[in-house]
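Chain order of the listed sequences is U and P.
With full-length UniProt numbering, the residue at position 171 of the first sequence is 171, and numbering never jumps.
With full-length UniProt numbering, the residue at position 21 of the second sequence is 21, and numbering never jumps.
Keep in mind the hints are simulated off the structure, nothing from the lab.
Predicted model only: the values in this text are computed from it and were never measured.
Some hints could be false.
[Said to hold, decoys possible] Derived CB-CB ranges, DEER-like:
hint, chain 1, residue 1, chain 2, residue 2, range
1, P, Ala383, U, Lys105, 42 to 50 Å
2, U, Ser120, P, Lys408, 52 to 60 Å
3, P, Glu254, U, Lys75, 30 to 38 Å
4, P, Ala226, U, Thr19, 50 to 58 Å
5, U, Ser156, P, Met1, 25 to 33 Å
6, P, Lys264, U, Ser120, 44 to 52 Å
[Said to hold, decoys possible] Keeping only pairs whose Cα atoms sit at most 30 Å apart, straight-line, the calculated DSSO-like set for lysine-lysine is:
hint, chain 1, residue 1, chain 2, residue 2
7, U, Lys33, U, Lys129
8, U, Lys105, P, Lys112
9, P, Lys112, U, Lys117
10, U, Lys75, P, Lys112
11, P, Lys264, U, Lys129
12, U, Lys75, P, Lys264
13, P, Lys264, U, Lys33
14, P, Lys112, U, Lys100
[As the list claims (entries may be wrong)] Below, a sample of chain U positions facing chain P; criterion: calculated Cβ distance under 8 Å:
hint, residue
15, Val34
16, Phe35
17, Thr89
Just so it is clear, CB atoms sit at the ideal spot from N, CA and C, and this is done for glycine as well.
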Amino acid sequence: MNLGSIVSLDWQRSAEGETILQHFYDPQTTGRKVFGVLDRPGLPSSIEEVSYKLHITGRSSVGKTATVARLSGIKCPSTYTETAGIQKTNIFWPAKIWDKIILFKLHFWDAGDNSIKRFSHILPACKDKADAIVYVFSFLDNNTFAELPQQMNRMSQTGENPTNIVIGTRYNPTNKLDVSSADVKEFELKWQVPVLKIDNTWSGSRSDSEVHEVALLLNVICERLWMRDQDYLLKQGLTR
Amino acid sequence: MVVHVMCLTTSGGLPLFTRKRGNGEPLPFSVVASFNGVHMFGKSHSVVLRSTSTQETVILWKVREDSVTLIAAACGASEMLLDQLLTSVFHAMVLAVGINELCSTRNAERLKRELRICYPLVDHLLECVEATGTDLTATCNNDILGLVEVMLCPENHLLQSLVDAWAECMDSLYGFLLIRGCVAVATSSWWQLDPEEKKLLALLVSVKGTCKTCDIPVFLPCKSPAVPFRLIVCGLTGGIQICALCGPSPPLTEVEYVSIQCWKGAVDILRAAERCFPRNFPPCIQLDSGVLGILLVDRQAGKFLLSRNQCADAGKKESQSPSGAHRLDVLRTFYHQVADTFMNHSSDNSEGAAACEQPSTSAALETYWCSEYHKCHALRHGATLLCVLYASAVPIHTMRLITQRTLKFLTADKQLCW
């Protein structure tokens with residue numbers, strides 16, 4: 001597991017990256033632009049677009065919705081609200097793979113825990129044809145971390161072989177973390193999955209620092225999805 | 001000003017939730033328990049405690065379905081408004097969990113957990129009552145309970161056919177288009193829903209935030225309290241969302257795909273329509289410069305239009321006149337305190353809803369207020385009520401003429417689809 005071997009992890013800070021990112025800001029709010037289903041960033045059409053479905057899962061109130069909001073550049077309310085039903089957010093993210101710029105369209109499928117339990121159609125809709133499953137735990141609650149292997153075993157029983165991504169929320173050096181970094185390292189090695197860290201409270205006042213705070217996470221997510229595709233193509237080639 | 005709402009199980013007095021809005025301390029548990037206790041004490045002596053008031057605060061009790069007790073406490077709000085608030089809060093609870101879940105409170109802990117999803121909606125309803133919000137920039141501060149806010153865009157007649165066609169693709173009778181949280185157009189069946197249902201559905205979508213695709217199970221408090229529908233929402237562009245009530249199909253992926261097909265040719269129309277915000281009626285309708293704001297209400301259809309009359313030269317005069325948010329607040333207060341009380345009795349009497357109020361002989365057609373800084377005038381025509389906020393310089397007799405003309409401008413134009 002060698003992060004950054006395919007996707008350039010700090011490309012967004014380069015001059016070229018900054019120029020491309022300008023298309024993702026909203027000139028009126030100076031924050032990131034939110035895109036409806038009819039919108040697309042105003043990039044040259046020569047840039048290839050790839051689309052992936054990600055299902056975000058984890059225990060109730062662990063910070064799934066806040067994580068998606070943070071990744072899409074939206075300030076989410078500081079008080080906890082339970083998500084009703086399915087909430088799907090599309091995030092556009094440009095990434096540099098080898099020497100090519102690729103526009104990733106990430107469809108994040110997020111669902112409230114109570115809705116999943118009560119209505120049987122919600123979980124299958126989220127899992128159906130997912131390219132990745134994003135497991136979320138909280139750095140302040142070791143139970144949510146200890147549950148991960150069990151959750152991953154349960155989820156991986158679907159046939160489509162999605163790639164796994166793990167995100168730990170409430171990662172803030174000022175907090176007293178309940179999950180030790182040694183445990184995280186061990187988990188990463190055992191499962192061959194990177195554990196990404198995020199703090200969903202809003203720290204940066206300037207809009208562009210917000211992007212750079214989450215750039216690493218989005219780049220790693222894109223890399224995992226890209227690698228999964230390459231593996232798939234390789235296997236297809238062998239069986240032919 | 002502060003508003004509290006508490007919800008307890010009627011049988012055991014177990015608290016299900018408490019919410020509050022405005023500046024004020026949360027109520028201590030002992031106070032909540034006393035509120036419930038005094039109500040229960042009355043009940044055991046066959047006395048129904050409806051409401052009480054102190055110098056600042058009004059407290060109101062309501063038991064629904066013999067299973068949940070709702071209590072509202074607020075300063076600066078009328079009893080009528082709180083009554084409406086508790087009705088809406090109960091409907092929001094039904095919308096989230098269904099009537100069967102609320103009627104069988106055997107498992108209070110589970111119900112408590114399930115009710116968490118209606119908090120954003122309940123908080124929003126509280127904001128409708130708590131007028132002088134902590135945050136003046138909040139867009140939702142000028143909302144009216146039980147009525148859905150609409151927007152009269154010049155493009156509405158074009159959008160109407162698009163919404164009808166899209167809803168058909170979704171296999172749904174109930175489709176509606178929201179622009180910045182206001183209903184621009186909707187299918188005719190959607191307008192047939194109960195005003196409370198329309199209000200809560202529109203509110204639920206606007207608290208979700210724009211530019212997301214959602215699939216939310218909802219129970220309709222009047223039409224279908226026990227069997228859920230799927231409320232599907234698709235953020236098209238900017239602050240515009242297309243929504244529908246569906247059955248088990250189509251799946252969410254298809255919703256998004258079909259929506260793109262249906263609407264990709266109409267992006268320019270949608271963007272043009274969005275520019276109507278925050279005036280909410282077309283720029284081609286020029287109102288008298290003495291008009292500072294308007295509130296147009298149709299209680300039968302359960303909708304309202306709220307606008308400050310922003311003219312091109314308004315910027316210069318802004319300093320002398322009440323600020324935008326304040327204007328809307330004055331209008332809303334005028335509506336609640338005078339127009340709504342005086343002028344809506346005729347429609348309510350048939351349902352016996354106003355039975356507890358003073359028996360009114362007939363509903364008034366016109367009324368006005370004069371203060372040092374501005375004047376308000378309300379005119380009723382059938383089910384439609386127009387309240388206008390004027391600059392104080394406008395003479396009383398002219399108000400009447402301008403209101404009559406404004407009402408005609410806004411309601412007669414077929415393209416606006418009022």
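Quick rundown of the hints versus the structure:
{"no.": "1", "hint": "P:Ala383 x U:Lys105: 42 to 50 Å", "in the structure": "holds, 47 Å"}
{"no.": "2", "hint": "U:Ser120 x P:Lys408: 52 to 60 Å", "in the structure": "holds, 53 Å"}
{"no.": "3", "hint": "P:Glu254 x U:Lys75: 30 to 38 Å", "in the structure": "holds, 31 Å"}
{"no.": "4", "hint": "P:Ala226 x U:Thr19: 50 to 58 Å", "in the structure": "holds, 56 Å"}
{"no.": "5", "hint": "U:Ser156 x P:Met1: 25 to 33 Å", "in the structure": "violated, 54 Å"}
{"no.": "6", "hint": "P:Lys264 x U:Ser120: 44 to 52 Å", "in the structure": "violated, 33 Å"}
{"no.": "7", "hint": "U:Lys33 x U:Lys129", "in the structure": "holds, 27 Å"}
{"no.": "8", "hint": "U:Lys105 x P:Lys112", "in the structure": "violated, 37 Å"}
{"no.": "9", "hint": "P:Lys112 x U:Lys117", "in the structure": "holds, 15 Å"}
{"no.": "10", "hint": "U:Lys75 x P:Lys112", "in the structure": "holds, 28 Å"}
{"no.": "11", "hint": "P:Lys264 x U:Lys129", "in the structure": "holds, 25 Å"}
{"no.": "12", "hint": "U:Lys75 x P:Lys264", "in the structure": "holds, 28 Å"}
{"no.": "13", "hint": "P:Lys264 x U:Lys33", "in the structure": "holds, 19 Å"}
{"no.": "14", "hint": "P:Lys112 x U:Lys100", "in the structure": "violated, 52 Å"}
{"no.": "15", "hint": "Val34", "in the structure": "holds, 4 Å"}
{"no.": "16", "hint": "Phe35", "in the structure": "holds, 6 Å"}
{"no.": "17", "hint": "Thr89", "in the structure": "holds, 5 Å"}
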